[in-house]
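*Asks:* Protein chains in written order, with my numbering: chain A, 1 to 397; chain B, 1 to 600.
Since the hints were derived computationally from the structure, they do not count as laboratory data. Predicted model only: the values in this text are computed from it and were never measured. Hints are not guaranteed to be accurate.
Stated by the list, open to error - Covered by chain B, per the in silico footprint, the following chain A stretches (three or more residues, Cβ under 8 Å):
id, region
1, 187 to 195
2, 212 to 219
3, 254 to 265
4, 281 to 287
5, 380 to 393
As the list claims (entries may be wrong) - Quick partial rundown of chain B residues pointing at chain A, CB under 8 Å, derived from the structure:
id, residue
6, T11
7, A91
8, P576
Glycine included, every Cβ here is placed at the ideal spot set by N, Cα and C.
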Amino acid sequence: MSKFFEFKPDRSKYPAMGADGKLDIDLSSQKYTKLWLGPNHPGVTGNMAVELTLAGDEIVEAKTHVGYLHRGFEKLIERRLYVQGFPTSIRMCVAEPDTNEYLIARSTEVLSGYDKDVPEMAQWLRMLSLEMARLQGLLRGVPGQAGTFSLGIGVQWGVYLRDLILDRFEELTGARVYHMYIIPGGVRGLLPDGFKKRMEDNLRDIDDFIVRIRQLMFNNAIFNKRAKGIGVIPKEWVEQYGIVGTNARASGVKRDIRKDYPYLHYDQLDFDPPTATDGDIYARSWVRWQELIQTVDLIRQIMAKMPEKGDIRAQMPNVLHWKIPKGETYTRLESGRGEYGMYYVTDGSDKPRRVNLRGPSYTHAIALLEKMLVNTNIADVHATMVSLQTCPPEIER
Amino acid sequence: MNIKDVFTPFTVWSKVVKDPVTIKDPLSREAAPRYRGFHKNDIDVCIGCGTCEAICENQAIDLVPVEGIETKDGDSGLRPRIDYGRCCWCALCVDICTTNSLNLTNEYTWVDTDPDAFIFTPGVDKKSWDDKEDGWKKPVPNYHFYGQSRIPMGELHAEERVDSFIEFVKGFSKQQAEEEADRCVACGICTATCPAHMGIPDYIAAIRNEDMEEGMRILYETNPLPEICGRICTHKCEDVCSVGVNGDPLSIRWLKRYIADQIPADVDKYNDILYTKDIKNNNRKVAIVGSGPSDLSAAYYLALLGYKITIYEKLPQAGGMMRYGIPEYRLPYDQIDKDIDYILSLGVDIKYNVTVGKDITLDQLHEENDAVFAGTGLHLGRSTRIPGSDNEKVYQSVELLRNIVTGAEVPVERKIVVIGGGNVAMDITRSMARLQKAKYGEVNIITTSLESEDIMPADREEVVEAREEGCTIIPGYGPQEVVIEDGVVKGLRVWKCLSIFDENHNFSPKFDQSDERVFEGDMVIESIGQGMDLSYLSEDIKKGLEFGPRGRVQTNDKFQTSLPWLFMGGDIIQGPDVIHGIANGHIAAMAIDDFLNQGR
Numbered sequence: 001m002s003k004f005f006e007f008k009p010d011r012s013k014y015p016a017m018g019a020d021g022k023l024d025i026d027l028s029s030q031k032y033t034k035l036w037l038g039p040n041h042p043g044v045t046g047n048m049a050v051e052l053t054l055a056g057d058e059i060v061e062a063k064t065h066v067g068y069l070h071r072g073f074e075k076l077i078e079r080r081l082y083v084q085g086f087p088t089s090i091r092m093c094v095a096e097p098d099t100n101e102y103l104i105a106r107s108t109e110v111l112s113g114y115d116k117d118v119p120e121m122a123q124w125l126r127m128l129s130l131e132m133a134r135l136q137g138l139l140r141g142v143p144g145q146a147g148t149f150s151l152g153i154g155v156q157w158g159v160y161l162r163d164l165i166l167d168r169f170e171e172l173t174g175a176r177v178y179h180m181y182i183i184p185g186g187v188r189g190l191l192p193d194g195f196k197k198r199m200e201d202n203l204r205d206i207d208d209f210i211v212r213i214r215q216l217m218f219n220n221a222i223f224n225k226r227a228k229g230i231g232v233i234p235k236e237w238v239e240q241y242g243i244v245g246t247n248a249r250a251s252g253v254k255r256d257i258r259k260d261y262p263y264l265h266y267d268q269l270d271f272d273p274p275t276a277t278d279g280d281i282y283a284r285s286w287v288r289w290q291e292l293i294q295t296v297d298l299i300r301q302i303m304a305k306m307p308e309k310g311d312i313r314a315q316m317p318n319v320l321h322w323k324i325p326k327g328e329t330y331t332r333l334e335s336g337r338g339e340y341g342m343y344y345v346t347d348g349s350d351k352p353r354r355v356n357l358r359g360p361s362y363t364h365a366i367a368l369l370e371k372m373l374v375n376t377n378i379a380d381v382h383a384t385m386v387s388l389q390t391c392p393p394e395i396e397r
Numbered sequence: 001m002n003i004k005d006v007f008t009p010f011t012v013w014s015k016v017v018k019d020p021v022t023i024k025d026p027l028s029r030e031a032a033p034r035y036r037g038f039h040k041n042d043i044d045v046c047i048g049c050g051t052c053e054a055i056c057e058n059q060a061i062d063l064v065p066v067e068g069i070e071t072k073d074g075d076s077g078l079r080p081r082i083d084y085g086r087c088c089w090c091a092l093c094v095d096i097c098t099t100n101s102l103n104l105t106n107e108y109t110w111v112d113t114d115p116d117a118f119i120f121t122p123g124v125d126k127k128s129w130d131d132k133e134d135g136w137k138k139p140v141p142n143y144h145f146y147g148q149s150r151i152p153m154g155e156l157h158a159e160e161r162v163d164s165f166i167e168f169v170k171g172f173s174k175q176q177a178e179e180e181a182d183r184c185v186a187c188g189i190c191t192a193t194c195p196a197h198m199g200i201p202d203y204i205a206a207i208r209n210e211d212m213e214e215g216m217r218i219l220y221e222t223n224p225l226p227e228i229c230g231r232i233c234t235h236k237c238e239d240v241c242s243v244g245v246n247g248d249p250l251s252i253r254w255l256k257r258y259i260a261d262q263i264p265a266d267v268d269k270y271n272d273i274l275y276t277k278d279i280k281n282n283n284r285k286v287a288i289v290g291s292g293p294s295d296l297s298a299a300y301y302l303a304l305l306g307y308k309i310t311i312y313e314k315l316p317q318a319g320g321m322m323r324y325g326i327p328e329y330r331l332p333y334d335q336i337d338k339d340i341d342y343i344l345s346l347g348v349d350i351k352y353n354v355t356v357g358k359d360i361t362l363d364q365l366h367e368e369n370d371a372v373f374a375g376t377g378l379h380l381g382r383s384t385r386i387p388g389s390d391n392e393k394v395y396q397s398v399e400l401l402r403n404i405v406t407g408a409e410v411p412v413e414r415k416i417v418v419i420g421g422g423n424v425a426m427d428i429t430r431s432m433a434r435l436q437k438a439k440y441g442e443v444n445i446i447t448t449s450l451e452s453e454d455i456m457p458a459d460r461e462e463v464v465e466a467r468e469e470g471c472t473i474i475p476g477y478g479p480q481e482v483v484i485e486d487g488v489v490k491g492l493r494v495w496k497c498l499s500i501f502d503e504n505h506n507f508s509p510k511f512d513q514s515d516e517r518v519f520e521g522d523m524v525i526e527s528i529g530q531g532m533d534l535s536y537l538s539e540d541i542k543k544g545l546e547f548g549p550r551g552r553v554q555t556n557d558k559f560q561t562s563l564p565w566l567f568m569g570g571d572i573i574q575g576p577d578v579i580h581g582i583a584n585g586h587i588a589a590m591a592i593d594d595f596l597n598q599g600r
């Protein structure tokens, strides 16, 4: 049995590197097979395709293909008033829509000089909704990794608990998935009566889930065998490829926008981003599981520290004629997938001149994934892809 | 490998004995109270301002006519129709709704086989969720998409302003004007209501864009007297302003004044801005009788078309009631001159101190010109005809106001009683208060009106300001007799007025004789309306005209009388204010042009 797991690929089968730096793959030799994984495939994290060149069941070359999801959201936002941007922006990444709302709101506030006017209550509510978004993302993402190894039960638990968090979102923001809650100047509603109690009930359920999922994943022989040593990101790659978020933290690089460049009131919260050193799928899963524990704790801290009442939106100019002076800014936050930023340019008119979203998935799913997949087994492709927490809608917007 | 790791995952089987967590019937699940579901609209509260349409980022909302809802002042008669193929349920339309009539319910399931059913007009097309209370409403408090409160206008303090006839409204600064202009939602309800249909949202936009010259061009499209209207317009626009439904209406009048005030009083500059330097003469002539707002408006728009205009004015200066009726503290003479000088610079000829009907006849004007416009206004005072009203110490407000302007002697007594509740009554009250203050150092004036406080025709701000200046205003009393002892006026006897009109809406005041009061006064001023002087119409001309109720000449909707060459407008035809006169003059000018171009 152990010999089977210690199987090492026979390098002699691999194609030679040509003089131009490209692999010399001759498909007509019948040594290699092309396999398209995606764009519509249950194991792919969205509408993205990976073109694999296989030698047997081993991958000798991988190419990421995007373009199936391009909806031109940035351009749509550039043709709308500043206040009309946020309902469009949320669709740029469904996994954590609130992050997009925050980036638009914060960018417009900074450029128009209203960033200091956002009321205290609104700052805490923004933080609450961002952490709730992270929580619902992790509830899907952490057991989702187990799902790639056919451990489906964890996904079912996670999706159920995620629905409970969406219930809280529904109460707070008026919608379950596309919340449209963070608006330039503040937020769109106070906490409903009894919200904190219902939230605490849900968090207690999640506490139980956290124990269960540890038993299911990390105390599981199958998961340990499949996840350890696969999809390794060496520490030096983190700088080379610009890897961020949990992927970087699992490789031993402590990198978290909430700590490094604090925004909102994260500096008033007590937390330390979890890290690991192995850089493999197991390490990334472990860091995310730790982060799930931490997010539950952060939501409890936020609910304890936030004021009881207050204004939710700053006094701003009439949204129909709101013009922002010429300027540019880069706003960023720590999403569940890592640093998530927006480059926002205004030219003094009532619409943005340029909106550019910089998400981590571009690096993770294109440059990094293509390199990581080489030399792995075809059975590990999904696991590797999911472990990077990529979000194809955010790659092409 | 740890042998424990082989068995631990089997602990998940403990979940088998737990109850299922799924909802058996998801369709009956009630959404959260704040959920954003389908729209509902209270169509009786909605005014069809279209702000929802303007903010909708998906163009899912169209304002459409609705059967049973008529277009009227303050209501476009349109209602929002939602296309759920486009709607993204962001509820920006609810957040900006000026009337708070549009809401989202928390109803979110609806199945229909007809795709067109998903385009409907909430409130008009009845839906099962129309009575639902829960759903997304505008967040409270302090959550507004546009400013709710007016930028306060700087004014001289009451004690200061009663000392002189200096204009007491200071006007907006640049910052104030821009902040006030920012509150506009550009719905255009004001434009529809304004008698002259001024492009109000457009010139307010010009203020936001800091383009006063463009603003001036927009003003002059429909109103050639912006300085005057910017001060004393009756601002019907502000009464219907959609921002005013849940907040203060925009100060549209002061914004208009702000634009006009930014352009210096220099006719060359005006001609440059308004592109009126080289107007080609069309060799036709129109005579205009009078130089009031309707006359000046007709003169301006005819002059733009190349007509040679001659104005015949009875008084020594132009402006009509604007100059001789409205006190200087509300409308300074230099501002009247600023507007009129520009109109005269277009080649408009004006002959002062010429009374048509005496110095020159209307027939002569007809012979010398292609058409004639007459807007001679209401310059005759009306008397209450109560006992004692023929005393020499009983005056008419019109003549006193005129005398104040011309510099003729104005009698000022220690105690004055004014009869009347309109704006002219307030004008004479406040003018006499200033004269009293100058002569005796104190204000002692009582103004009484038949109408009670809530239905007084005067602008509310006029009443408030008059009181601030020390005038006593006692509404709801009907004058019965001027009390005269030994030929000297001692005061005015009044009875409490119970109602003014009978069931048929005819003027028939009812009094409570038990509530009798005597207002002491050494002189009494009657200000209960004005009459028209049509003595310039010769008998021959009168035969050709049709007369309606109260001796008014009948015209068509283009202000053309039954004598095709004679057009009439302003207070003698429609009234009752400057902006109506301007609108009349504009329409008449276009009609004169049409009339003279017939057959060409």
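*Asks:* Each of the hints needs a verdict: does it hold here or not?
*Replies:* Each hint tested on the structure:
no., hint, result
1, 187 to 195, "holds (count 4)"
2, 212 to 219, "holds (count 4)"
3, 254 to 265, "violated (count 0)"
4, 281 to 287, "violated (count 0)"
5, 380 to 393, "violated (count 0)"
6, T11, "holds (5 Å)"
7, A91, "holds (7 Å)"
8, P576, "violated (34 Å)"
Of the hints listed earlier, those the structure fails to meet are numbers 3, 4, 5, 8, in rising order.
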